[in-house]
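Since chain A is already given, all that's left is putting chain D on it; use the hints.
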Amino acid sequence: MNIVLRLAWRNLWRHARRTWLTIGAMVFSNTLLVFMISIQFSMYGLMIDNTLQVFSGHMQVQAPGYKDDQKMRQVVPDVQPLAARLRDELDSETIAARGWAFGLASSADRSYGVGIYGVEPEFEANVSNIPGLIEDGRYLEQNDAMEIVIGTMLARNLRIGVGGELTILGSGVDGSFAAAVVNVVGIFESGVKEIDRNIAEMPLAAFQEVFYMNGAGHQVVIMAPTLSEAPGLKTKVEAIVPAGLVVHDWDALQPGLKQAIQADMSSAFFMYGILVILVAFSVLNTQLMSVLERTHEFGVVMALGMKPGRLGRLVMLETALMGLLGFMLGAIAGALFTYWFSVNGLSYPGMEEMAANFNLPGRVYPEVTLLKTAFGPFVVFLFTLLAAVYPAWRLRRLHPVEAMRAN
Amino acid sequence: MRMLLVLCRLAWRYLWRNHRRTIVMLGAIAVGAWAMIFMTALTRGMVDQMVADGISVIPGHVQVHNPDYLDDPSISNRIAMTDEELTQRFGDAGFKAWASRVRVPAVITSERESRGVTLLGIDPEAEREFSFVDYDDVDGRFLESPDDNGVVIGAKLANTLETEVGKRVVLMSQDPDNEIADRGFRVVGLFHANMETYEETYAFIGKRTAQKMLRIGDTTTEIVFLGDDYRNVEPIYEKVVAAVDDTVKVSRWNEVDTYLGTMLGMMDGFMLIWVIVIFLALSFGLVNTLVMAVFERIREIGLMLALGMKPAMILGQIIIESMMLLAVGLFIGDVLAFATVKPLEGGIDISVVAKGMEMFGASSVLYPKLYLDDVILANVVVLFLGFLASLSPAWRASRYEPVEAITKVG
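Heads up: the sequence lines are chains A and D, in that order.
For the first sequence, the numbering used here assigns the number 1 to the initial residue and increments by one for each residue that follows.
For the second sequence, the numbering used here assigns the number 1001 to the initial residue and increments by one for each residue that follows.
Chain D on its own, in the form it takes in the complex:
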């Protein structure tokens, strides 16, 4: 133990013997560590936001459908359970949030234009958690109850349809017998969304109003559930599966939205690759520094060996030196990353490329997010690989023949 302490002190002093070299190397490690963490924070922030915008809203973490609905989203493929049965099954089961709704493709027509929309018949209270719409930030008002007679559409769609709050539009879809089901609605509210496509895609009406219009009694087409963490939906998935029979299909969000699901997996992989690439770029400098450090004190090493120091001690001392260098560099990098990410957590406005980000499925404000796990991963990977990289120079140093080393001319 005392020996270890001595080795550490020795290593620390050696490090500062050539302070310029150490400072340059620390700079490189710090920049590398900063870049790893900063980039990771940006990517995490983007993916989290994509999931928040794309999954936690509308689709939910776990969904229940008629087995045929996903392939053929028609009103004919409804869930065979009535609202009453659903409340019995899920009402007190302790989900963070759940809602059943009617979701069908429809056509919306103003006196000027018509467009295709996804019609959502919802219970506004139950859907509060799922909605990307802030109920209080709607021009006009949001739906007030499942029996509400109005329709709420996106501001962008209203613009295309040349309609506004207070005007009438016609919604057209089909009933289970493929008869056209249509009804006039007054536009009661216009919502705003992070992504323009949402404003063009969704039209909200009351759930019971939708059920009446589509002549489907009190059945629905979709039940959605929200858990605490989108990365771990298994607990609620199993809970839902246990509560239903096989007349319905239960799916996790990443099975329905394969793009986002894949993105998430890819980002994790990409992050690891990025950390490793940076480390490799650093490793050349690290090994170089160690080789130089050993080279310029070959004679001392020879002397120590001659005085009876064990080769293992030399090996240990050089590895400790390398680890110290990395640790200090990483620490500076971590602090830098923290100092740069924190002020940006309020969001970076990248609306100049808003349309492009929409293609990725991301919104135009980026909220970098520092996860402890990511910081630990970056640091551990660097330390571990750094350890491996310093093995060879350290090994060579410990294998010197004392006499040869002492007489070597630097």
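Chain A on its own, in the form it takes in the complex:
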């Protein structure tokens, strides 16, 4: 073993208690960082996936301006043929056409305003999780059947069940009066109040007939195999869609989602930053002490011809060794801690209410990955080294004779 390395290692254990306490600070912070970062990013992933799976998809083809105003007449003409063409040319089944209209739904007892989606029954399940959330009855089947599925809360508020009849009143694409009687064939439950209370779906062809859409719709929803493949797919989609239509990706469709993550992330990183700085202070203190108490000793070795720069490197090496220990122990402890929760799941009081607001399950199973495990401890390691710069730098000004007089 290199002599300097051996020297550094031995120096560390001169004050074993002090070294362990400093490493303890690192391990504490690292464990916390690994755990928090894993939880945080698992939550973000879930939030994005779950939110996009409901309606937005990874991207949508729309008329310009529709995203912000959702006006009835901002249509995608011939929406079904367009969706079919996209499916064909991109060789993907996870593409579906939709229309959207607002209407008043009336049962025998009650009337409520609802958002009504016209969907392709055959493909909707590929782009949305609503078809899989049917609690009662069945999902839509025939594209031209006068059928509807509604959310559980809406069903309760309307006092209607499967087999009941709803009257839909609204206005067609040209502003004319639109009305229809439809059969409730299924009831879904997403767990998100807003959706379960305000949304209904009917087959696209029937929808087009009721609202005089003349073959048009409002969006073509596209799901990429994974979120990271979405940008590439978007370029391909843009090449296919006719002029006069635009393609929006998920963060344009759900600006709140990305911003909520950003807001949460900035407050989280503020907290992590403070933890890291506190560790750095701890290291600074320890290394400063260890340099100061060795002034005499350093004077002697300098008098014997050791260069101050080499002494500085020795101190940095000691710090690096200590930091490395903290890194490894912290990363391992953090990974084990997180792993326990990845098996058993994490839940805390109040999480369900929070979760319902953000499309999250009531229990989170964080994922242990190398990146999430290494990131926090690595930053702590960097700051550990940074904290030792001042004590190491002080050595350059050390005068052998004066130093030997110390103590």
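A portion of the hints provided could be inaccurate.
The calculated DSS-like cross-link candidates involving lysine-lysine, where the alpha carbons are at most 30 Å apart (straight line), are [stated by the list, open to error]: (1) A:K67 to D:K1156; (2) D:K1355 to A:K234; (3) A:K67 to D:K1408; (4) D:K1156 to A:K71; (5) A:K258 to D:K1156; (6) A:K258 to D:K1355; (7) D:K1355 to A:K236; (8) A:K193 to D:K1310; (9) A:K71 to A:K193.
Heads up, incomplete: computed chain D residues facing chain A, CB under 7 Å, no partners named [stated by the list, open to error]: (10) R1009; (11) D1072; (12) G1116.
Because the hints were derived from the structure by calculation, they are not lab data.
The beta-carbon is built from N, C-alpha and C at its ideal position, and this holds for glycine as well.
Okay, now just chain D, sitting in the frame of chain A:
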């Protein structure tokens, strides 16, 4: 008493014997304390604003409904008391503010578009305290009386409906017999709100106009009350319960808005955890400092013991030293926190993430708020835990065998 004074002076001098170490530690404590208080102030500010935006407006602190209304917000589930009876019961009862209103889901239609809204039939004067709408900051005008014939909607909704002040819209809901109840209204005002959803959700009309349109005589669906402090609504809750019978259900705001209620509880818990986590990160350095401080004066300690100083005195002296270090560090941290929060109290603009904050139910301006209670909590927790953490090094120091300590080679 004199002894204590001596110990304090001793501790203070020891602290500055190795001033570099003390300064570094003070720096760590100050940063820690600052972070505790600063973060707490931000969170408090956010939650307060969420409550101000979400509770104190529209819902009020305590609400009264027909027992079936919350589950089925239909016009059929009205409060059985007439306006006259309500005024008798609540008029002079000394509430900070109260109002009864008609609140039903409705559909609003312009010649272009239709949307679902929450229709509020209100008495504008009684609702002033509850409203997130600044009556004087409305394009056009706000409602002037319960008999007002106009409708006031949000600017965002007007944009979607392609309507404007002076144009007509149709409001459609149902009457108690499930007949469609509709009526044309002139848009007299467009309001602006902190949160876009409010601008899309609410439509205000006069209370008596609403009662006529929905054919419900002079009954209402909701009574709301405002107290002084949203954290303590019990006094007005009990007052309201005492004034009504069991044909209605009285609820506190956190029972109706469970999300905000839970958020509030979680934030309190989170704050305590944050303070403790920071303390733990600090504690390693604190214990380390004490261990070092004891270590480098083992011989002195031995000497003092040999000269007859009681071990308890050594223990006390080291604990006092630790407490002084913490107190000075905390003081600097408190001053820092105060100095950074005060200039920000006018609000931090975070509108770049406005839509995201809306998902949390918060608005896009953050007003940090320094509460004395929070500052005290942070300081007390640190001092108390600091005391516990210094027990072990201090105990060890006081247990040295004098002869051994004196002869120990530093």
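I'd like to know which numbered hints this structure contradicts. Please list them from smallest to largest. Violated: hints 3, 8 and 10.
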